[in-house]
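With chain G held as given, fit chain E onto it using these hints.
Going down the list, the protein sequences come from chains G and E. Just so we're aligned, residue 1 is where the first sequence starts under the numbering used here, counting upward by one. Just so we're aligned, residue 115 is where the second sequence starts under the numbering used here, counting upward by one.
Worth flagging that the hints you see were computed from the coordinates, not collected in a lab. Predicted, not measured: the structure shown is a model, and the values here were computed from it. Please note that a few of the clues may not be correct.
The list that follows gives simulated cross-link-like pairs (lysine to any residue, SDA-like), each with its CA atoms no further than 25 Å apart [unchecked claim]:
1. 183(E) - 86(G)
2. 117(E) - 41(G)
3. 166(E) - 97(G)
4. 57(G) - 152(E)
5. 168(E) - 104(G)
6. 168(E) - 193(E)
Reference excerpt, derived from the structure (chain E facing chain G, CB under 8 Å, subset only) [stated by the list, open to error]:
7. 146
8. 156
9. 157
10. 158
11. 160
12. 205
13. 213
14. 214
15. 215
16. 216
17. 217
18. 218
19. 219
Glycine included, each C-beta is placed from N, C-alpha and C at the ideal position.
As a plain string of letters, each chain reads:
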Amino acid sequence: KAGVTQTPRYLIKTRGQQVTLSCSPISGHRSVSWYQQTPGQGLQFLFEYFSETQRNKGNFPGRFSGRQFSNSRSEMNVSTLELGDSALYLCASSQTSAVYNEQFFGPGTRLTVL
Amino acid sequence: LAKTTQPISMDSYEGQEVNITCSHNNIATNDYITWYQQFPSQGPRFIIQGYKTKVTNEVASLFIPADRKSSTLSLPRVSLSDTAVYYCLVPNYGGSQGNLIFGKGTKLSVKP
Chain G
1 KAGVTQTPRY
11 LIKTRGQQVT
21 LSCSPISGHR
31 SVSWYQQTPG
41 QGLQFLFEYF
51 SETQRNKGNF
61 PGRFSGRQFS
71 NSRSEMNVST
81 LELGDSALYL
91 CASSQTSAVY
101 NEQFFGPGTR
111 LTVL
Chain E
115 LAKTTQPISM
125 DSYEGQEVNI
135 TCSHNNIATN
145 DYITWYQQFP
155 SQGPRFIIQG
165 YKTKVTNEVA
175 SLFIPADRKS
185 STLSLPRVSL
195 SDTAVYYCLV
205 PNYGGSQGNL
215 IFGKGTKLSV
225 KP
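Chain G extracted, bound-state conformation (with noise of 0.2 Å):
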C-alpha cells in the first residue's frame, strides 16, 4: 500500500506570494492533519480534515486555509507569506479519528520564504 505523498518536497517563494501544498493519503484514510514544524516551535496543529469537512484547527492566522476533495486528497494554502512562514509542512493521515488512529505522515514540504 502507497504511503502518504506530498508535493512538491521543496518550495521557494517570496514574501507577499501564496502558496498551495498538496497531499495524497494512504488508500482507505478519511482523515488528513496538517502540522507545521520549525525548530523554535517544534511540531504544531494546523488543522484536520475528514469526509471534506475541516473539523479541528489549530491556532493559526485566517492566511492558513485548506481543503478536501471527495477522494480524500487534501491541499493547504498559506496566503501573504511571510518570512516566519518558513517551514516544514507535514501531512499526516489515518482511518478515521487522529487522535485515537495511527496517524501516517508524509515526508513534508520544504517552504522557504525570502
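Frame of chain G; chain E shown alone:
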C-alpha cells in the same frame, strides 16, 4: 488545554534500556496516551498507544500508573538508530474533535 511535560533531551549508550517519562496531569478519563518517534527530515512515526497499565509491542513498552498522571515509554536495548525525537501525546479538545499536540518532544541521543 491538555498539556504534556517531558525532558528536553536524554543521553544513553547502545544496549541500555531507556525510559522516557511524560507528565500529563489533566488527562481525561477516556484519553489514550500516544507516543511518536521522529528522525531528522522525516515525518513522525507511531510507536505505541495505551490507556492503562502496560502495553507492549515489538519495539517498545508503555507503562501507565493507576492515576494516569504520567506514562513511561521504555525502549529495550537501544541502538544508534534509536537516536531520534520522541513525542508523548494526549488529546486536546479545543475544537469540535480532538487533536494531538506534539510539542517539542525528547531528543534521545544514543552513543556507541
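Hints and how they fare:
no.	hint	in the structure
1	183(E) - 86(G)	36 Å, violated
2	117(E) - 41(G)	15 Å, holds
3	166(E) - 97(G)	20 Å, holds
4	57(G) - 152(E)	23 Å, holds
5	168(E) - 104(G)	24 Å, holds
6	168(E) - 193(E)	23 Å, holds
7	146	6 Å, holds
8	156	7 Å, holds
9	157	3 Å, holds
10	158	5 Å, holds
11	160	4 Å, holds
12	205	5 Å, holds
13	213	5 Å, holds
14	214	6 Å, holds
15	215	6 Å, holds
16	216	4 Å, holds
17	217	6 Å, holds
18	218	4 Å, holds
19	219	7 Å, holds
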